[in-house]
Amino acid sequence: MTISRETVINLALALLLLAIPYAAIQLGNPFYVTLATRMAILGLAAVGLNIALGLGGLVSFGHAAFFGVGGYVAGILASHAMSMQPFNFGLFTLSGSNQMPVIWLVALVAGGLLAAAIGAISLRTSGVYFIMITLAFAQMTYYFAISWPAYGGEDGLSILIRNQFPGVNTMVPLNYFLICYAVLIAAILVSMLIRDSRFGAALQASRQNEVRVASVGIAPFRIRLAAFVISGMMTALAGALYADLNRFVSPSMLSWHMSGEFIVLIILGGVGRLYGPVAGAMLFVMFEFLLGGMTERWQFFLGLVLLGVVLFARGGLIGLLAGRARHG
Amino acid sequence: MQTALFIEQILNGLQLGVMLFLMAAGLTLIFGVMGLINLAHGSLYMVGAFACAAVAAATGSFWLGLAASLAAAAAAGAIMEILVIRRLYERDHLDQVLATFALILIFSEGTRWLFGSFPLYLDIPKLLQGTVPIPGGSRYQLYRLAIIGVGVAVAVGLFLLISKTRLGMRIRAGESDREMIGALGVDIRTLYTVVFALGAALAGLAGAMVGALQSVQVGMGEPVLILAFVVIVIGGIGSIKGALVGALLVGLVDTMGRFLLPQLFGMLMPPSQAGLVGGALASMLIYIVMAFVLAMRPQGLFPAAKG
Amino acid sequence: MKKLIAASIAALAMGVSGIASAEPIKIGMITTLSGGGAGLGIDARDGFMLALKNAGDAAAEIEVVTEDDGQKPELAVQIADKMIQSDQVDILTGIIWSNLAMAVVPSAVAQGKFYLSVNAGPSPLAGALCNENYFNVAYQNDNFHEAMGQYASENYEKTFIMAPNYPAGTDALTGFKRFYGDDVAGEIYTQVGQTDYAAEIAQIRASGADSLFIFLPGGMGIAFMKQYAQSGVDIPVIGPGFSFSQDVLPAIGEAALGVKNSSSWAKDLDNEASKKFVETFQAEYNRLPSIYAAQAYDTANLIVSAAGKASVKDAEAFRAALKEADFDSVRGKFSFNTNNHPIQDIYVTEVVDEGGVLTNHIIATAFTDHKDAYAEQCQMQ
Amino acid sequence: MVESSGPDAVLSIRDLCKSFGALKATDHVSLDLRDGEIHALIGPNGAGKSTLIHQIAGTLRPDAGEIDFLGQPVGHLGVAERARLGLGRSFQVSSLAPEFSALRNVMLAVQSRQGSSFRFFRPVMRDASLVDPAMAALERVGLKDRARIPAAELSHGERRQLEIAIALALGSRAFLLDEPMAGMGPEGSRQLTGFLDRLRGEAPILLIEHDMDAVFALADRVSVLVYGRVIASGSVDEIRNDAEVRRAYLGDPA
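From first to last, the protein sequence lines are chains A, B, C and D.
Using the working numbering, the first residue of the first sequence is number 7, and each one after it goes up by one.
Using the working numbering, the first residue of the second sequence is number 40, and each one after it goes up by one.
Using the working numbering, the first residue of the third sequence is number 118, and each one after it goes up by one.
Using the working numbering, the first residue of the fourth sequence is number 201, and each one after it goes up by one.
If you are wondering where the hints come from, they were derived from the structure by calculation, not from laboratory data.
Just so you know, these numbers come straight off a predicted model, no measurement behind them.
Warning: the hint list may mix true and false statements.
[Claimed, not checked] Selected chain B positions facing chain C (in silico; Cβ < 7 angstroms):
| # | residue |
| --- | --- |
| 1 | Asn51 |
| 2 | Gln180 |
| 3 | Ser254 |
| 4 | Arg297 |
| 5 | Gln302 |
| 6 | Ser322 |
[What the hints assert, rightly or not] Reference listing, derived: stretches of chain D covered by chain A, where coverage requires no fewer than 3 residues with Cβ under 8 angstroms from a Cβ of chain A:
| # | region |
| --- | --- |
| 7 | 274-280 |
| 8 | 310-318 |
Built from N, CA and C at the ideal position, the CB exists for glycine as well.
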């Protein structure tokens, strides 16, 4: 079995991301560890979106909803753990938690449930309708977060001390990077398995030709809904990690700019590529940091670059490096 | 007094609806004819408002500003179409979303570059200042009535344009069959530019009129854009009639929701809490309406021939 | 043993920062210099820098790094991380907005840094989340609303109250009612960032109120006041000072004339420090200072006063020095309560036309030596 | 012209109607498909043949009428459910997953036949239970050598063959073939005719075809559709000699 050029590039990208924080510490600039963590987390969110968008062709413009819900799960559980106030569900109570594994699990479930609800309505439509509806639903969660005062509303919610992971001091930036990196790699492996599985086959086929899939007896709606839910779950997990990185959640995690950014990450890296989102996130964060340091107008130049990529370099970074995509 | 308040709120809902219609009409027209989803439509709204404020400040005349807003938005739209949008017609929606998202960044940051971060101020023209009496004994702001009037005029004008003129015939032909219109010998590239500029001018007009009421600032187009999306999704993408009905529906539901929901909750809980819960629910109300419409009719209220 | 370790750490720290004769202080200023709220941040930065300039040699060893947070909480957190990790600042300050403060302050003080607030004063930081390293040199968010509640209870019968539906908004109305009582003519929460207030104005018109209290910061207030003036409703407006401070008055224009509002400082306040501040600010920047500039000016002077008494590396001594508040405040008298929040007078001011420039004049004193309502919840020892 | 369906009818359609505005695309159509036969459906362009296939397959909802498959009504079922019951379909305009290889296109059908598509972890390309039956189906239609070529790069005729391979792999109990010969050269048509001839033993075929040579060589029965109505139905010889058919369809002046 020959190793394709894309596989080599993927490995190189993974190693490069891992190397950044170590190099940063060597060079005495620990802040770059935080930047690398940001890359890993945004990459994770985009890996999640890529399951819906890249494999399923579902252009969701509302993934910020899942990202934000994951973030709020982390913030809300942590604040209840901090204040020792259990959730009161009338019949029973549940205590908050500051343990990352618990928070992640709840974030996955919450993201999945929200994605199931949004998907069940949105997936009845397609094309432009789908884009606009997912956007509108994300706006709905955004306004909800702003106007619901219990958890900070517009002000957001602080996590005073980063949540804990068994056996690791998460306040050390490098440790937290490694946790996020491990989650990212695990998510990439999961999405690789999904891509090559029966489910993935049905999902990719329904992107290429919905009628064909139905006429061999597979209902595209259910496949897509499942993909949308998995996608939402991964993005929610990224949101929980992001909340812990910033030790803060606010409605801006739910804003439509965030949804747009996730799509941008995928396009920058290369649509439908396994490591496309990671490459995109690395480029984006670097771009934001370097240009942001040079000019307050960096978004203007980001816009120009993005326009250039869409119009002239559709394969994204991995497309440039690895050539055309191949589908087995 | 309660009737007067009710009438006033209905007028407010109509005014919001009419303003949304100006935005939604352009969006839906562009989608209907060119099959393009344009996120940067809100930027054209902003361009219109800034042009109006800048010219009004320089000349002292709101009316010159209004003319400038139409011209500037149409010109910005035409340039945008020629430089960027034209390359996107054959692309999938994903590319269109991305490219027009990039345009938003460029427009917003570019405008900030030119005009600075502080909001510009635009005043209502002398002629339209003040209030007029309305049934029920209350008074209503003249300027808002004028906006409703302009909206109705634009709706009628669009209807006539599309059903009675040569340009309208071509637009309808373009909606039903893109190849046929090429075969008819119509210069399709020019037609597309004209339609795009027309949609842009409507957005610019909305921006200028609303700018005088609120404040003219970078990013002002984005919330309106999203409301306009909700409008055309409810109305049926590509349908002008759908845009009109959807816009009025969204305008009325949003205004009446903000007005009535807190009162409704006020019967169940103390007023300050009712205000919070009612306010929170009111801010989501139009999205709930949208979800409901789509669950019943996935193609919107007035589905266009193709989607 | 403990002392020995502390001493060696201090030695180490000095080794890193380089030994200097006078103790240098590095201050990280995170504030809003771009976007819609830039005016406030620019005023705060200018006021802060002016104080350091006026202090002369006393501030020679103070270095300030300034960064723009764009009024975005995530960005503010990122900058704070960078300033703490890479720039190794001793003190953070500058944040204008409560939500950004809530994002930055708790973790900054948890990492042993000092934070001095030039403006935001969210209630959790005054109560349950108070911290010995967090000093608020401005106000607790409720203070100005409480003052207007007090004023309204003395002068009006039926006040209609309105604020955006977010924590600062609910705090505002709660603060108002704390001194006015619950018997209001009406109470509305608007959407955050709302730009059209036609529906609300209709309700105000129909309510039969004799006064209107609004808390609508930034662009919201500007849009509201313009529309309110056009609507023909002539119920008098009162509000907290932020909505009618020097930076927004030109934008609102004549519509603001006669509005009563509350503030801890106005430029006609009669004391030496204030006169010097207004004079030098106008000379330096060629505009009138706002309350934000005044508070930041006081903050910088507080740091200078503490630096003269203790080394910032000796956290305990420096904290004690800050707490003394031994500086000439432009507000006249100024001291810290047990929760490190101000005890100060709050005035009622009125917007007047002063030779073509709109500004505020003090007309009454709402509170003397006012403390915030959250100090009891603060468990700080 | 309504014929009674025999006890061995696999698929039977009763009084199907479908209008698009004023146009009656399907006008009280009844026909059936019996075990082991090829039933050809012919008619001029625009007669409503494809509309009929769409209704049988489930992509269009009829306005009225019933469709029974294997003795049970299927009119209320969706496309995917009908396909899972064993209604295999090929398309007039080739409809495949263009980025997938021929093999993966067929594997999708095998996967559907085996049941769940909700398996997330096992790589399909290493799953012999998918690959082997798919290769077998490709071999039967003569596409084994082209198994790894993306569908988009196959020739027109090859795509037709691939569609039949997909229907085979589905284990269909009846085939709906919409112009399988279209765009094929004479050699290809000849091969496909031979193949369909053998296929009928496996499952009956409802065949829409313009190639009259193929129809007359293959069909056990022929139904003629004109303006949405079945104007004649019978054996090849009966249809050849039917006056109405000659007049309406074959353009005979008699």
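Check your understanding: Of the hints given before, which are not true for this structure?
Key -> Checked against the structure, the only hint that fails is number 5, while the rest are satisfied.
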